[in-house]
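Modelling step: build the complete structure from the supplied sequences, incorporating the hints.
Position in the sequence shown (first residue = 1) + 2 = the working numbering.
Derived by calculation from the structure, the hints in this document are not laboratory data.
Certain hints may be false.
Pair by pair, the computed Cβ-Cβ distance ranges are [stated by the list, open to error]:
| # | residue 1 | residue 2 | range |
| --- | --- | --- | --- |
| 1 | Ser90 | Thr47 | 33 to 41 Å |
| 2 | Pro33 | Lys134 | 31 to 39 Å |
| 3 | Pro125 | Gly41 | 22 to 30 Å |
| 4 | Arg103 | Lys134 | 32 to 40 Å |
| 5 | Ser93 | Thr50 | 33 to 41 Å |
| 6 | Ser108 | Val51 | 37 to 45 Å |
| 7 | Ser93 | Leu43 | 28 to 36 Å |
| 8 | Asp145 | Ser94 | 17 to 25 Å |
| 9 | Pro136 | Phe98 | 35 to 43 Å |
| 10 | Ser52 | Ser94 | 36 to 44 Å |
| 11 | Leu163 | Leu48 | 24 to 32 Å |
All C-beta atoms in this analysis are idealised placements derived from N, C-alpha and C, irrespective of residue type, glycine included.
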Amino acid sequence: MNRRKILAAFLACFAFLAAVAGADDERLSLPEIKGWTSGELRETTLDTVSGNQGCWQERNYRTESGVNVRAILTSGAGPRFHGNISQSVDSSDGPFGSGSRYRTLSIEVGDGLPLLAALETHPLLGRSIAIKTPLGTLTMESDSFSADDEDFVSIATRLALEVMPH
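In structure tokens form, the structure reads like this:
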């Protein structure tokens, strides 16, 4: 009789651990990408007094075409995409600015799910893009001027496709 109880307890624990492990599959992660040089994945768990608030991941990549990008992925209850993205923004910082351009766009990642993104191009600092996903925010930065806006958005789309759960 004791063996049955021990076996039942063991199986219940195993089922619980399998369910917890399965829940992690829905978490986003910055993967190594075939054809790209992928740097070390740096991950910070956002533990607070009120509990776990999510995760911050960073990884540097070098694409096949030689563009260096730094990717940052935040997910969880704490980090959120702040701001409201409108599809119709295409603006610069004006005649007294430094020549920065800001525009919003939609990135297709398959399954009819367009992701809203904000692209900023600065003539001295490079490009950055923030992509709002259902499970977190993907941000990419590059000071490599070998890629124009279209190339950079293409790189961001490739990374977003790799990050999104399939």
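Consistency of the hints with the structure:
no.: 1; hint: Ser90 <-> Thr47: 33 to 41 Å; in the structure: holds, 37 Å
no.: 2; hint: Pro33 <-> Lys134: 31 to 39 Å; in the structure: violated, 19 Å
no.: 3; hint: Pro125 <-> Gly41: 22 to 30 Å; in the structure: holds, 26 Å
no.: 4; hint: Arg103 <-> Lys134: 32 to 40 Å; in the structure: violated, 20 Å
no.: 5; hint: Ser93 <-> Thr50: 33 to 41 Å; in the structure: holds, 36 Å
no.: 6; hint: Ser108 <-> Val51: 37 to 45 Å; in the structure: holds, 38 Å
no.: 7; hint: Ser93 <-> Leu43: 28 to 36 Å; in the structure: holds, 35 Å
no.: 8; hint: Asp145 <-> Ser94: 17 to 25 Å; in the structure: holds, 19 Å
no.: 9; hint: Pro136 <-> Phe98: 35 to 43 Å; in the structure: holds, 38 Å
no.: 10; hint: Ser52 <-> Ser94: 36 to 44 Å; in the structure: holds, 41 Å
no.: 11; hint: Leu163 <-> Leu48: 24 to 32 Å; in the structure: holds, 25 Å
Hints 2, 4, counting from the list given before, are not met by this structure.
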